[in-house]
Every structure is written in C-alpha cells, then in structure tokens.
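Residue strings, one per chain:
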Amino acid sequence: MPMTSKVFETFDAAVAGVPDGVTIMVPGFGGVGLPRNLLAALHRQGAKGMTGISNNAGGMGDQVDVGILVEAGRMKKMICAFTAATHPSRPTPFVTMYNNDEVDAELVPQGTLAERIRAAAFGIGAFYTPTSVGTELAEGKEHREMNGRTYVLEYPLHADYALIRAWRADTFGNLQFRLTQRNFNPIMAMAAKTTIVEVEDAIVPVGELDADKIHVPGIYVNRLVKIPPDGIWE
Amino acid sequence: MADKQRLDRQSMCDRLAMEFQDGWIVNLGVGMPTLCSNYVDPDKFIITHSENGVIGYGPIATEGNEDRHLVNAGGQFVTPGPLMSIVHHADSFGIIRGGMVDVTVMGAYEVSENGDFANWRIPTRKGGGIGGAMDLAACAKRVFIAMEHTQRDGSPRVLNRCKLPITAPGVVKMLVTDLGLFEITPDGFVLREHAPGWNPEEIQELTEAKLIIPDDLREFRFRDQG
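Chains as they are written, first to last, in the working numbering: chain A, 1 to 234; chain B, 1001 to 1226.
Calculated from the structure, these hints are not laboratory results.
Where a beta carbon is used, it is the ideal one built from N, C-alpha and C, also for glycine.
Treat the hints loosely; a few may be bogus.
Straight line, CA to CA, 20 Å or less: simulated SDA-like cross-link-like pairs of lysine to any residue [to be verified]:
{"#": "1", "chain 1": "A", "residue 1": "K48", "chain 2": "A", "residue 2": "G31"}
{"#": "2", "chain 1": "B", "residue 1": "K1173", "chain 2": "A", "residue 2": "T96"}
{"#": "3", "chain 1": "B", "residue 1": "K1126", "chain 2": "A", "residue 2": "K213"}
{"#": "4", "chain 1": "B", "residue 1": "K1126", "chain 2": "A", "residue 2": "V64"}
{"#": "5", "chain 1": "A", "residue 1": "K141", "chain 2": "B", "residue 2": "G1127"}
{"#": "6", "chain 1": "A", "residue 1": "K141", "chain 2": "B", "residue 2": "P1169"}
{"#": "7", "chain 1": "A", "residue 1": "K213", "chain 2": "B", "residue 2": "G1127"}
{"#": "8", "chain 1": "B", "residue 1": "K1126", "chain 2": "A", "residue 2": "K48"}
Reference excerpt, derived from the structure (chain A facing chain B, CB under 10 Å, subset only) [what the hints assert, rightly or not]:
{"#": "9", "residue": "F8"}
{"#": "10", "residue": "T10"}
{"#": "11", "residue": "A85"}
{"#": "12", "residue": "E115"}
{"#": "13", "residue": "R118"}
{"#": "14", "residue": "L137"}
{"#": "15", "residue": "W167"}
{"#": "16", "residue": "T171"}
{"#": "17", "residue": "D212"}
{"#": "18", "residue": "H215"}
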C-alpha cells in the first residue's frame, strides 16, 4: 500500500488544521533555521490562545519570526530563554507586551530548555540539572544532592505542533539540516505530536538521501512544503 | 607620574584570551567576549564552541564571505574551521553540562569577591535574559568575566556580595576590567595586573571588595611586551 503523501503544495494548506489553544515549538537561533514561511502561514490562518516554546520570543519585528504571532495577540504564553530586552532602549514587541501583562512568559535557561524538549521527545519523565542552582530560578524547585553536587528537577516540554526549517528532505520526511541551521530543529521535530517542515533546497524521492546522513528520521515528520523562489528565505 | 589609562574593550579581551591554554575548548558569550576571538596566539591550539551547536568555527566572516547557515552565539556570521563539527542544541548543551568547556567568557553587571556574578536580570525590570549563561556558568570548568570596573556613576561593580540576582554562585576564576586583571582565589580577590598609571590604592578606592595586592603586581602585560 502506498504511503499517504506528506508533501503539501502550500504553507497555508500545511497549517490549515491548527486549532486554537495548542502548544507550538518554534526553532531558530541567530536568525538561522527559523520556519519563517510556516509562521507567516499560521499568522494568516489565525489560530489563537497558543503557547509558544522557542529560544526567544521574536526580534524587533523587521523579519518574520515567532514575534509576529505574539504581536498579533495569538500567543497567550511564551516559554523561552529571554524575556527582557538585551538593551532597555530596544524592547522587542514581545518584551513590550510582556511588560504590559498582555502575554505570559516562563523564563528557562537555554540548556534546560533544550533538555526539557529532548526529554519530551525521548520519553523521559523528568531530569536533574545543575543549571540554575543557587539562583532565583531554582526557587521552589526540588533539589537533590548526588555525588557532592546539587541539582534541580526539571520536567519535559511537550508540544502539539513543531514548525521546522530543514535544508533537504525526502518525500517520507527524512530531514537534513545545514550547519547551524540545525539548532533546535531536530529535538523539536521529535518532541511534537505533529511536525510540519519547510524545506529550503529540495524534497527528493525516497531512496535519494544517504541513510547515514539523516538528522531526523521521517517517522517524526507529518507534513512537508518546499519553499518556493518567492518564499521567505531570510 | 604617567597618565592614567583605562583599557579599551579589545585590550581587555586580548588580555583574557592570553590566559587560554593550549588545547582548551573555549566558549565566548555574546557582546564584548566575542572580541576574545580576535586574539590569535599561533603557539596555542584553541577549539571554539558556540551554544548553537558549532564546534571549531573560525573567525568572523568578512563581508561577502558569509555563509547564511553558519553563525556564532551572537548571530554573527563566522567562517568554517578545519576541524568543525555541528550538533543540535541539546547535544551542544550536553557538551556544556558534561563539563567539556574549559573556559567560558562572559560580560557581567557585577562580580563579588566570593566568585558570584550577575548578568541576567535587573530586578526593577520584568523578566530577564539568560540565554545559555546559567548553563555555562554552572558547568564550564572556568568562568572568566570581562566588564567595566565601575558603573556610569562611578559606583563599584566589584562587590563584597552581588546586589543583583546572581547567574551562578562561586564560579568566577578571573576578571578583567578596564583597570585591572583579577584572580579569585581561595584567599580572596587578587589584583594581578593594573592599567597604566594606576596604583593599587586608586583601584581599591573604586572597588568594594577587599583586594589582595601581591608582591609581583605588575602593569598590564600583553604578548608583544614579553
């Protein structure tokens, strides 16, 4: 029996069924590996009341990133590693809204954020990390000393959807990333219930990618869209 | 007496980078610490690590030579290095949490004499900016800090105890400011080197923490001065 095609013609079709209130994971670091086309499509689609999991909650608003969903009031909460402006004179739209209590946020150290996502993907119930011990962020968390070192207990971060940006895919959804585009993409693709991918270079027939060079197996991937020449590249 | 000079940011970072040892894995934080990468000692083999999952990247890319998929922790385009490898974010912090990073260099608002430092939150403002700083601070083998010696109003940043919420307790090993190079030892806060024209009493006046002044205190030493 042939497999159901995962390849969608448009970003709008790929995000059409995303309901209100879902939790979405959005990768990207330093402007690289962000699913900008899928974010733009989700913005057009209109889902609201969402929780976002992302390293940051968007830039200054001059590029398409998760901030467009925040600014449009679609996010009720962001879970991220930055909730204050790098410089107080340059608040992002998210920081301004957070300061005005228009969006909620949970601040998580970046490595703990990554590991909480990985734990969700890998079926781990919780884990102990030394990060944040002795700081405000550890207050109220379970502490445990093991082999002379103190750790805090952290729980997984699950999501309904991950929006992913890959370099290359095959039609089954096996994914390859290029250089630091990889960042949060593999762990988010593996952690979410439904994973939707925008692909930069090509979606090739199955069998054309070297099985030894696949970063995310297609079993984690549900929908694929090739970025057209007039798509959002940067 | 010579004119009092304050080190510029590049000189501060050059001096810290001189402390990197052969074979070290080095993680440079966003902002001033990235200047450490401009200092190259041809006699040392240094391996760079950036939190977004790149090990062994090269210098900042010149204009026109950027690869749009290769950035450092600050989002700057960097060049590929010959031994470069790429991992995903959880693996990158596995490298950090697993204790592979020999030194991390960060900026800070405050450093205290017990090795605490603060660089993520101002309590009068909502929220904070942690990024990877807490993971690096808690798990790197050494934390080096580069910061201005005083606030804009002249009040000290080198304190008995940090006033701001700390990033990690007791981890700072070395501090460079525009006035001096300091080592935090079990005995206390040692002034190792001073900026040209400054004597230890003048630096102590701008420092809340009690400084230990060793007999071998010297002026800032740079490589070309031997």
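Tested hints:
Between K48(A) and G31(A) the alpha-carbon distance is near 24 Å, which puts this suggested pair outside the 20 Å criterion. Distance restraint check for K1173(B) and T96(A): the Cα-Cα separation of roughly 36 Å exceeds the 20 Å cut-off, and the hinted pair is therefore not satisfied. Taking the CA atoms of K1126(B) and K213(A), the gap is near 44 Å; set against the 20 Å cutoff, the hint is violated. A threshold of 20 Å between alpha carbons decides the hint, and for K1126(B) with V64(A) the separation of about 25 Å lies outside it, so the pair is violated.
Restraint check for K141(A) and G1127(B): satisfied, since their Cα atoms lie roughly 18 Å apart, inside the 20 Å limit. Simply put, K141(A) and P1169(B) have alpha-carbon atoms about 17 Å apart, close enough for the 20 Å limit, and the pair holds. Restraint check for K213(A) and G1127(B): the C-alpha separation of about 40 Å exceeds 20 Å, so the hint is violated. Restraint check for K1126(B) and K48(A): the C-alpha separation of about 24 Å exceeds 20 Å, so the hint is violated.
A least Cβ separation of about 24 Å between F8(A) and chain B goes past the 10 Å threshold, and the interface hint is therefore violated. Look at T10(A): its Cβ only gets to about 24 Å from chain B, farther than 10 Å, so that hint breaks. Of the supplied interface hints, the one on A85(A) holds, with its beta-carbon coming within about 8 Å of a beta-carbon of chain B, less than 10 Å. With a least beta-carbon distance of about 6 Å to chain B, the hint placing E115(A) at the interface is held under the 10 Å criterion.
Interface restraint check: R118(A) against chain B, minimum CB-CB distance 4 Å, threshold 10 Å, status holds. Of the supplied interface hints, the one on L137(A) holds, with its beta-carbon coming within about 7 Å of a beta-carbon of chain B, less than 10 Å. Taking 10 Å as the C-beta contact cut-off toward chain B, the hint placing W167(A) at the interface holds, the least distance being around 8 Å. Hint on T171(A) is violated. Least Cβ distance to chain B is approximately 23 Å, over the 10 Å limit.
Below 10 Å, beta-carbon pairs count as interface contacts, and D212(A) has none with chain B, the closest being about 15 Å; its hint is therefore violated. Evaluation of the H215(A) hint against chain B yields a held restraint, the C-beta minimum of about 7 Å falling below 10 Å.
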